[in-house]
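Enquirer: Chains as they are written, first to last, in this note's numbering: chain A, 1 to 179; chain B, 1 to 179.
Derived from the structure by calculation, the hints contain no laboratory data. Treat the hints with caution; some may be incorrect.
[As the list claims (entries may be wrong)] Here are the computed lysine to aspartate or glutamate pairs in the EDC-like style, where the Cα-Cα straight-line distance is at most 16 angstroms:
no., chain 1, residue 1, chain 2, residue 2
1, B, K68, A, D62
2, A, K68, B, D62
3, A, K20, A, E54
4, B, K20, B, D62
[Stated by the list, open to error] Covered stretches of chain A (in silico footprint by chain B; criterion: 3 or more residues with CB under 8 angstroms from a CB of chain B, positions within the stretch not fixed):
no., region
5, 74 to 80
6, 84 to 96
7, 110 to 120
[As the list claims (entries may be wrong)] Example chain A residues on the side facing chain B (calculated, C-beta under 7 angstroms, incomplete):
no., residue
8, L45
9, V47
10, C63
11, K68
12, V71
All values derive from a computational prediction rather than experimental measurement. Heads up, the beta-carbon is just placed ideally off N, CA and C, and yes, glycines get one too.
Spelled out, the chains give:
Number of protein chains: 2
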Amino acid sequence: MIILGIDPGLRTTGFGVIEKNGSKLGYIASGTISTDAATDLPARLKVIFQGVAEIVRTYGPDCAAIEKVFVNVNPQSTLLLGQARGAAISSLVATDLLVAEYTALQVKQAVVGHGKAQKEQVQEMVVRLLQMGGTPGTDAADALGVAICHANSRDALALLGTLAPGLRGLSMKRGRLIG
Amino acid sequence: MIILGIDPGLRTTGFGVIEKNGSKLGYIASGTISTDAATDLPARLKVIFQGVAEIVRTYGPDCAAIEKVFVNVNPQSTLLLGQARGAAISSLVATDLLVAEYTALQVKQAVVGHGKAQKEQVQEMVVRLLQMGGTPGTDAADALGVAICHANSRDALALLGTLAPGLRGLSMKRGRLIG
Numbered sequence: 001m002i003i004l005g006i007d008p009g010l011r012t013t014g015f016g017v018i019e020k021n022g023s024k025l026g027y028i029a030s031g032t033i034s035t036d037a038a039t040d041l042p043a044r045l046k047v048i049f050q051g052v053a054e055i056v057r058t059y060g061p062d063c064a065a066i067e068k069v070f071v072n073v074n075p076q077s078t079l080l081l082g083q084a085r086g087a088a089i090s091s092l093v094a095t096d097l098l099v100a101e102y103t104a105l106q107v108k109q110a111v112v113g114h115g116k117a118q119k120e121q122v123q124e125m126v127v128r129l130l131q132m133g134g135t136p137g138t139d140a141a142d143a144l145g146v147a148i149c150h151a152n153s154r155d156a157l158a159l160l161g162t163l164a165p166g167l168r169g170l171s172m173k174r175g176r177l178i179g
Numbered sequence: 001m002i003i004l005g006i007d008p009g010l011r012t013t014g015f016g017v018i019e020k021n022g023s024k025l026g027y028i029a030s031g032t033i034s035t036d037a038a039t040d041l042p043a044r045l046k047v048i049f050q051g052v053a054e055i056v057r058t059y060g061p062d063c064a065a066i067e068k069v070f071v072n073v074n075p076q077s078t079l080l081l082g083q084a085r086g087a088a089i090s091s092l093v094a095t096d097l098l099v100a101e102y103t104a105l106q107v108k109q110a111v112v113g114h115g116k117a118q119k120e121q122v123q124e125m126v127v128r129l130l131q132m133g134g135t136p137g138t139d140a141a142d143a144l145g146v147a148i149c150h151a152n153s154r155d156a157l158a159l160l161g162t163l164a165p166g167l168r169g170l171s172m173k174r175g176r177l178i179g
């Protein structure tokens with residue numbers, strides 16, 4: 001099972017690809033997609049869209065997870081971030097991948113064990129959990145964290161045996177089983 | 001020259017396709033892409049992405065224009081609208097279409113002649129300018145308005161004769177010639 005995690009942003013979108021074999025997690029790849037702030041918005045969204053598409057083509061993930069973004073104090077920034085996230089999700093769903101969504105809180109809880117973790121703690125735990133040789137940048141580490149969060153969320157489901165598609169979609173979306 | 005106009009929204013995305021022959025404008029098609037509020041966000045963005053892609057396949061526009069959205073009083077709504085717009089733009093740029101952006105003010109000025117026009121006035125003028133037999137809904141009318149705005153903006157460029165791609169991109173982006 002190959003899982004792609006995405007940490008969306010207009011300037012920098014982080015990505016992380018991990019492998020899950022039983023309860024073991026392994027690192028495959030991670031990095032960032034950067035856009036040029038000097039180009040117009042459609043051009044920047046195109047870079048994000050095509051970058052994510054290339055990652056999907058290269059690593060062939062079985063599923064994807066993306067971080068939910070929070071509302072910025074600056075409404076214009078919120079609008080730009082929303083558009084970047086829309087481009088990344090579009091690229092994933094265009095290839096019929098199922099896309100789960102997790103809040104930063106859920107990711108920190110899954111990776112570090114509590115929701116108040118700093119970015120550096122997420123980096124450290126990602127390196128440890130995936131037995132990485134080096135430390136990824138914060139955006140790539142966050143994306144790997146989203147992928148780990150999704151891998152752990154699927155663990156809970158495995159306990160229930162075979163699940164109906166509807167239930168699986170529900171639980172993947174919320175990060176935990178509902179009802 | 002076939003121009004596609006888009007009025008983006010998460011619940012309803014309006015589209016309008018017009019033809020420009022010299023200074024004459026003609027109506028080709030318009031309508032809306034609706035998403036089911038009961039489905040999750042990635043599924044709704046997929047409907048928008050695939051809907052726009054189908055319109056592009058069906059009508060083969062030479063260029064596209066999309067309305068700039070304003071920041072909502074509700075930040076969460078701003079974030080959702082941003083993602084919907086990101087999905088629509090992704091679908092356009094994925095097919096290598098050039099995408100121009102216009103504010104609602106620019107569209108109203110181009111269609112009605114002043115920026116304080118009501119939605120009904122935009123509908124009326126769109127019907128008159130395109131000699132339509134019936135009245136489109138407000139979302140479709142807004143999308144046709146965006147296409148008309150883009151058609152008029154290109155008129156200004158035609159006066160200058162052949163333009164370098166960079167200059168053309170600049171003027172298309174801003175809706176008027178700069179410098």
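Enquirer: Report holds or violated for the interface hint on V47 (chain A), using the least CB-CB distance to chain B and a cut-off of 7 angstroms.
Expert: Violated: closest Cβ of chain B sits about 9 angstroms from V47 (chain A), beyond 7 angstroms.
Enquirer: Quick one, is the L45 (chain A) hint okay against chain B at 7 angstroms, beta carbons?
Expert: 5 angstroms, holds
Enquirer: The region 110 to 120 of chain A covered by chain B? Criterion: 3 or more residues, Cβ-Cβ distance below 8 angstroms.
Expert: violated (count 0)
Enquirer: Compare the distance between the alpha carbons of K20 (chain B) and D62 (chain B) with 16 angstroms, and conclude whether the hinted pair is satisfied.
Expert: 11 angstroms, holds
Enquirer: Checking C-beta pairs, does the region 84 to 96 of chain A have three or more residues closer than 8 angstroms to chain B?
Expert: Held - the region 84 to 96 of chain A has 10 residues with a Cβ nearer than 8 angstroms to chain B, which meets the minimum of three.
Enquirer: Please work out if K68 (chain B) and D62 (chain A) have their alpha carbons no farther apart than 16 angstroms.
Expert: Answer violated: K68 (chain B) to D62 (chain A) is near 35 angstroms, above 16 angstroms.
Enquirer: Holds or violated: the hint that C63 (chain A) contacts chain B, with Cβ atoms closer than 7 angstroms.
Expert: Check failed: Cβ of C63 (chain A) comes no nearer than 11 angstroms to chain B, outside 7 angstroms.
Enquirer: Once the shortest beta carbon distance from V71 (chain A) to chain B is found, is it less than 7 angstroms?
Expert: At about 4 angstroms, which falls below the 7 angstroms cut-off, the nearest Cβ of chain B leaves the hint on V71 (chain A) intact, so it holds.
Enquirer: For the region 74 to 80 of chain A, count the residues whose Cβ lies under 8 angstroms from any Cβ of chain B; is that count three or more?
Expert: That given contact holds, which follows from 5 residues of the region 74 to 80 of chain A lying within Cβ reach (below 8 angstroms) of chain B.
Enquirer: Hint validation: K68 (chain A) versus chain B, beta carbon distance must be below 7 angstroms. Holds or violated?
Expert: Because about 9 angstroms separates K68 (chain A) from the closest Cβ in chain B, which is outside the 7 angstroms limit, the hint is violated.
Enquirer: Holds or violated: are the alpha carbons of K20 (chain A) and E54 (chain A) at most 16 angstroms from each other?
Expert: 21 angstroms, violated
Enquirer: Given the hint that K68 (chain A) pairs with D62 (chain B), test it: the Cα-Cα distance must not exceed 16 angstroms.
Expert: Between K68 (chain A) and D62 (chain B) the Cα gap is close to 35 angstroms, so the pair fails against 16 angstroms, i.e. violated.
Hint compliance for this structure: hints 1, 2, 3, 7, 9, 10, 11 are broken, all remaining hints hold.
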